[in-house]
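Asker: Sequence:
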Amino acid sequence: SLKQKIKTQQENLIIAERQRVMLESIGATCHHFSQPVTSLMGRLEILISRNPPLDDRDKELLRDCLKLSRRMGDLVQQFQNVREYRTVPYVEDYDILDIEGRPEKG
9 SLKQKIKTQQ
19 ENLIIAERQR
29 VMLESIGATC
39 HHFSQPVTSL
49 MGRLEILISR
59 NPPLDDRDKE
69 LLRDCLKLSR
79 RMGDLVQQFQ
89 NVREYRTVPY
99 VEDYDILDIE
109 GRPEKG
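Residue numbering for the sequence shown follows the numbering used here, starting at 9 and increasing by one per position.
Please note that the accuracy of each hint is not assured.
For each label pair, taking beta carbons as the anchor points, the in silico distance ranges come out as [claimed, not checked]: (1) Ser47 - Lys13: 47 to 55 Å; (2) Arg91 - Lys67: 34 to 42 Å; (3) Gln43 - Tyr98: 24 to 32 Å.
20 Å max Cα-Cα, derived DMTMM-like pairs, lysine to aspartate or glutamate [unchecked claim]: (4) Lys67 - Glu53; (5) Lys13 - Glu25; (6) Lys75 - Glu53; (7) Lys75 - Asp64; (8) Lys15 - Glu25; (9) Lys75 - Asp63.
Rather than coming from a laboratory, the hints here were simulated on the basis of the structure. Ideal placement from N, C-alpha and C gives every residue a C-beta, glycine not left out.
Just need the whole structure built from these sequences, with the hints factored in.
Answerer: This is the structure:
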């Protein structure tokens with residue numbers, strides 16, 4: 009029926025708009041996080057290799073910070089690879105964006 013076709017088109021428009029907004033938001037977030045994360049990693053690497061050398065405890069703390077900043081860079085990359093609005097369960101009644109590209113169940 010015509011009513012059903014209109015309803016389907018409206019639903020498709022909503023899905024397309026959700027997709028567009030999600031991709032724009034992800035793009036902006038990645039753009040704004042990428043440069044600071046890269047700079048942070050570079051500065052941490054400089055501190056780790058400093059002369060005179062840092063004591064072992066301080067080096068280990070900086071290595072941990074570098075590891076975490078690399079993880080942040082990996083997350084930015086995962087976000088950059090998202091192409092489809094798909095969520096996964098998080099807690100109770102909340103879902104979050106699936107950035108790991110898990111296969112759909114079904």
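Asker: With the threshold set at 20 Å, check whether the alpha-carbon distance from Lys75 to Asp63 stays at or below it.
Answerer: Given pair Lys75, Asp63 holds - Cα atoms ~18 Å apart, limit 20 Å.
Asker: Indicate whether the distance between the beta carbons of Gln43 and Tyr98 respects the range 24 to 32 Å.
Answerer: 28 Å, holds
Asker: Against the 20 Å threshold, does the CA-CA distance of Lys75 and Glu53 hold or violate the hint?
Answerer: 11 Å, holds
Asker: With the threshold set at 20 Å, check whether the alpha-carbon distance from Lys13 to Glu25 stays at or below it.
Answerer: Satisfied, since the Cα-Cα distance of roughly 18 Å is no more than 20 Å.
Asker: For a C-alpha distance cap of 20 Å, please report whether Lys75 and Asp64 respect it.
Answerer: 16 Å, holds
Asker: Keeping to a limit of 20 Å between CA atoms, is the pair of Lys15 and Glu25 held or broken?
Answerer: 15 Å, holds
Asker: Verify the CB-CB distance for Arg91 and Lys67 against the hinted window 34 to 42 Å.
Answerer: 40 Å, holds
Asker: Between Ser47 and Lys13, is the Cβ distance one that fits in 47 to 55 Å?
Answerer: With a Cβ separation near 52 Å, Ser47 and Lys13 satisfy 47 to 55 Å, so the hint holds.
Asker: Lys67 and Glu53: Cα distance at most 20 Å?
Answerer: 10 Å, holds
Every hint, counting from the list given before, is met by this structure.
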